[in-house]
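4 protein chains.
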Amino acid sequence: MTVRFAVLGAGRIGQVHAAAISSVPGAALVAVADPVAEAARAVQDTHGGEVRTIDEIARSDDVDAVVICTPTDTHADLIEQFSKTGKAVFCEKPIDLSLARVRDCLSVVEAEKATLMVGFNRRFDPDFMALKSAIDEGRVGDVEMVTIVSRDPGAPPADYIRRSGGIFRDMTIHDFDVARWLLGEDVESVVATGAVLTDPEIGRLGDFDSVNVILQTASGRQAIITNSRRAAYGYDQRIEVLGSRGMVAARNHHEADIDIAGAGGFTRPPLLNFFMTRYTAAYANEIAAFVAAVAEGAATPTTGHDGMMALALADAAVKSVDEGRLVKLAEVLD
Amino acid sequence: MTVRFAVLGAGRIGQVHAAAISSVPGAALVAVADPVAEAARAVQDTHGGEVRTIDEIARSDDVDAVVICTPTDTHADLIEQFSKTGKAVFCEKPIDLSLARVRDCLSVVEAEKATLMVGFNRRFDPDFMALKSAIDEGRVGDVEMVTIVSRDPGAPPADYIRRSGGIFRDMTIHDFDVARWLLGEDVESVVATGAVLTDPEIGRLGDFDSVNVILQTASGRQAIITNSRRAAYGYDQRIEVLGSRGMVAARNHHEADIDIAGAGGFTRPPLLNFFMTRYTAAYANEIAAFVAAVAEGAATPTTGHDGMMALALADAAVKSVDEGRLVKLAEVLD
Amino acid sequence: MTVRFAVLGAGRIGQVHAAAISSVPGAALVAVADPVAEAARAVQDTHGGEVRTIDEIARSDDVDAVVICTPTDTHADLIEQFSKTGKAVFCEKPIDLSLARVRDCLSVVEAEKATLMVGFNRRFDPDFMALKSAIDEGRVGDVEMVTIVSRDPGAPPADYIRRSGGIFRDMTIHDFDVARWLLGEDVESVVATGAVLTDPEIGRLGDFDSVNVILQTASGRQAIITNSRRAAYGYDQRIEVLGSRGMVAARNHHEADIDIAGAGGFTRPPLLNFFMTRYTAAYANEIAAFVAAVAEGAATPTTGHDGMMALALADAAVKSVDEGRLVKLAEVLD
Amino acid sequence: MTVRFAVLGAGRIGQVHAAAISSVPGAALVAVADPVAEAARAVQDTHGGEVRTIDEIARSDDVDAVVICTPTDTHADLIEQFSKTGKAVFCEKPIDLSLARVRDCLSVVEAEKATLMVGFNRRFDPDFMALKSAIDEGRVGDVEMVTIVSRDPGAPPADYIRRSGGIFRDMTIHDFDVARWLLGEDVESVVATGAVLTDPEIGRLGDFDSVNVILQTASGRQAIITNSRRAAYGYDQRIEVLGSRGMVAARNHHEADIDIAGAGGFTRPPLLNFFMTRYTAAYANEIAAFVAAVAEGAATPTTGHDGMMALALADAAVKSVDEGRLVKLAEVLD
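Chains as they are written, first to last, in the working numbering: chain A, 195 to 528; chain B, 195 to 528; chain C, 195 to 528; chain D, 195 to 528.
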């Protein structure tokens, strides 16, 4: 069975997913929608999907699944709309910036028994998958500490930050999901710190650029997340897991695997600088996993629940910084 | 302009090139030929080229270029045949195992003013390209020594070895080309050693499995090549260049960029084990470079001359081991 | 001028310092004291200091400086006693487990204008010194985040833990000092988490074995400290500092700098497993720095104030875990 | 039993050995000799040996062993002189630059049943010892290829080169010994190349600065040695051994184990730049091994025979470059 796709939103990430759909066996790009006609047409020209409106896609019999790459504030509505059409839905994170809205949306998904996968691409990075496999195979014993260093090469534009929901909901949310994935237990509490160190403009927008978070589970497992909106040496993406029998760590990706040695030392090129280059394989694997789930009628590897829980952790982190205290996850979920 | 391709030979390497053609912008796969009907059809089904015979392809107006992936002993004939059709030719190394035959073939190519690129994929590996750029940018100063470690995970089947022309012409030939590319001067002399250490069967076939070669240029630059048909830890592919101001080295590629630490130490996964996986990007870049050259009517980055010179170095290495002495390249070329 | 030393306490760490004194130019070991006669005599036999009682040493005209390596609960008394004799004092951390007692002790030191250096050996590790120099030379720009991973190979005996003051005062205290050294600004607040994951016995003793701490300065700089009492792969000691222009990181020390590659991957030996082996050079450098300061009448690189501040951070961390909130350092200092 | 030492020659390497003797348990420095009075006195002042003449030392009852650190052309005479006194002899490499003279000298040693250890410090480097242990434990299976990269940071003065016997006898000789140590079989043949690339003055002195050598044993095992008198990035000392089941490799030593990352990449400091710093531990281990052998009346780990064989390999390499051919070791030994 070939899963026939429509991509909603033909911006940067929509193009990434359109390319992934084109390259994944068992998937076909049938349609693409975007209010900006040229954007939609560019995808059509490169990857072959037909330009349609979202409503046309909702009515299209030849579409089995949609990938939602539209602005965040449309995600929940579109999930609800397409859940009711019986089409499988892949939605970029986050479902919404409001936990209440997410909850309502997920009720609809559940009522419709719809298929919903939320895009947490990092779970599909080959190295992180190898790290997870090592844990699952027991090579580090029982998980005790997860350490995540996640730093962007540079901050997004002010306009993006303004609508982002803040660094915890926009950037750390990926790390919250990774931490949940690796801890192997539900997170119970959150403490976080935040500061503005790279650009005062970020502070004027009410956001932070430098944050740290400690998550803790009921049994005491801890995850430490450290984020910065700036890293002069590239896109820093590291995960390390300490267990009772050892540790597993994933290395960064450099622009090239060479070393140049001279009187000043041995130099490796900086890190890959852009999330799409760094996570090219992850995006392709992610769509392939969605295709496999849809084709087999199986559960998707990430779900609406995962999207909600990552957002809840972000809300708890915001509250922790605001109130200078440890916040129980239950406080924001109830 | 789109370069329209036919692939001759639908075996393993033919499939690699068909996939590359499909993915490279500005290239289209039009036809595929193989005496084994299912092999040709498999390429057609996956990548869309039409199954034709070689002669049909030679007569096809809708084919601009061919990629020769047939058995080695057909290469020179096909190069000549297609040179006369005005089609651009990309041929997998080697052109032939006989230097005399190569020379005759190249005369035809030259007479026809045909375009011929010989497939030395390593020059197109992203890391090796970065290494070459570092040299060209003067970051290591004048090149003095090139060190190439090139070890296969395991030996090919006896039947392959029998027809291979021996390790120097089959395996080291890639390293000879890399050495020529990086030395920046013509090689003048060759000394080599060879032994059978991994499997006595290889010796019975009259071949070696463990060889070392030192190339030297007129000014004294040296390249050291070390080959083995067996490396328990994977496909070992390293290059290192010492210059007057420093050194540049390309690292190996592991199955995953993780480390697992325990009481026994810190373990990284073994190296990628298969040349197609290791050089996936190189194969795609190689075809893209050929497409660019054909589209622009420009010189190809590797030529028939490169193919001939690498083979001459192999012949000189064979002679060096046989006679226990340094062999001038001129001895085999004249 | 040669600085003439007496070592008080001939246990494990006393032996380390006696050896360092013997090897440092400009220092001489004159005397050693220990209630266990054989321990004192062993130092005398190996390093040449004469066995005396502490009181004899206090009255000795031929002793310029003492190194206090006795049990923690005697440190403050001995510092006071020797400060009054005009001898320079080097004291192993901590000065005392009670901040009030430390404060009183330091008043005496100040009143006597005595020289007091507190043993924070990590500041003298060659790699950490190189890291600090890189920061001081501006190679990473303004410091933003300090990340310290510090894990012991295994927990000390229950009896040691019982008298240790808890993990924050016993183990993290080193990391608190390193963080203060590298942050370049006073710490203002502390949040911490703690759990028992490696051995329930540690919990029964009222201590944690797995803790994380975030320190924050007034301007928002943050230090993240992660500790565990167990690391199967050896003594894990890493520091990483992110700045506005880059990052500097110190690598771990392995038992040997070799890699063994096989079908299972590439393995480096585990980390040096013992603090004395890992920090051999640091202990020697530390004593050399003390000797230099005493000989020149200069300020010591670490002071009683450093000892007090590290302890205050530990107290704040304890309070943070207890009360589930961010604790201002001023709360414990006032 | 304490082995009582005299050091003959108080230059740079004599000081290294005097320091090693002082620090090794079971060894004592009793005397030092040097025609330059201040040099001898400096050793006496620092390490405590009494200044004596060589002849006085030969007659001294309180000296059990001598370490010969005098100029090369005195080594053989001193070995013979002290062999006859019944004192154990440690001699810096080489015994002599003439193979005939070495042979004569070793006859005397043998006739006197004297103890002679030749200083091949690299065998005592902790990492190389770990590499050797890995081989001996069978972790790489049967040895097939040994690869040695050995590059000096810069060339010695012209005057030194003039008296050195040439790069193969002066510099490569260490690598010849290491290759012999690791191959596990007698070397049968040698091929070598040489050139002048770093400084034409070296050529005017009749020497090379850039050489490569391939050694081969009867069963076909090969060792590849690559040397340069210049490496802008420091003292490059690497060994790698391929076996039937894997590979073991020893890493270089950097000035510090830190990485500084910025927009230009990730930089590690250059390599330790000086053989005494790089091999500090090796020199101490070497003397300790000699002390242990003398104290126990056991065989020394390196012998006069090792010194002779390394020199024979150097002679064969010289002949190979001169005559442009593979040279059997038997040709120079007979």
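Treat the hints loosely; a few may be bogus.
Identical copies carry no separate label here, and so any pair may be met within one copy or between two of them.
[Unchecked claim] With a cut-off of at most 20 Å between alpha-carbon atoms, the simulated EDC-like pairs for lysine to aspartate or glutamate come out as follows:
#, residue 1, residue 2
1, Lys307, Asp380
2, Lys278, Glu304
3, Lys513, Glu250
4, Lys287, Glu449
5, Lys326, Asp267
6, Lys326, Glu449
7, Lys326, Asp380
These aren't lab readings, by the way, just hints derived from the structure by calculation.
Here's how the hints hold up against the structure:
Taking CA atoms no more than 20 Å apart as the test, Lys307 paired with Asp380 passes in neither setting, with 25 Å inside one copy and 55 Å between copies. Taking the shortest alpha-carbon separations for Lys278 and Glu304, only the intra-copy value of 11 Å comes in at or below 20 Å, while the best inter-copy value is 66 Å. Taking the shortest alpha-carbon separations for Lys513 and Glu250, neither the intra-copy value of 42 Å nor the inter-copy value of 60 Å comes in at or below 20 Å. In this assembly of identical chains, Lys287 and Glu449 lie within 20 Å of each other by CA distance neither inside one copy nor across copies; the values are 27 Å within and 29 Å between.
In this homomeric assembly, Lys326 and Asp267 never come within 20 Å of each other (Cα to Cα): the closest approach is 32 Å inside a single copy and 46 Å across copies. Taking the shortest alpha-carbon separations for Lys326 and Glu449, only the inter-copy value of 14 Å comes in at or below 20 Å, while the best intra-copy value is 24 Å. Taking the closest pair of Cα atoms, Lys326 and Asp380 come within 20 Å of each other only inside a single copy of the chain (17 Å); across copies the shortest separation is 39 Å, beyond that limit.
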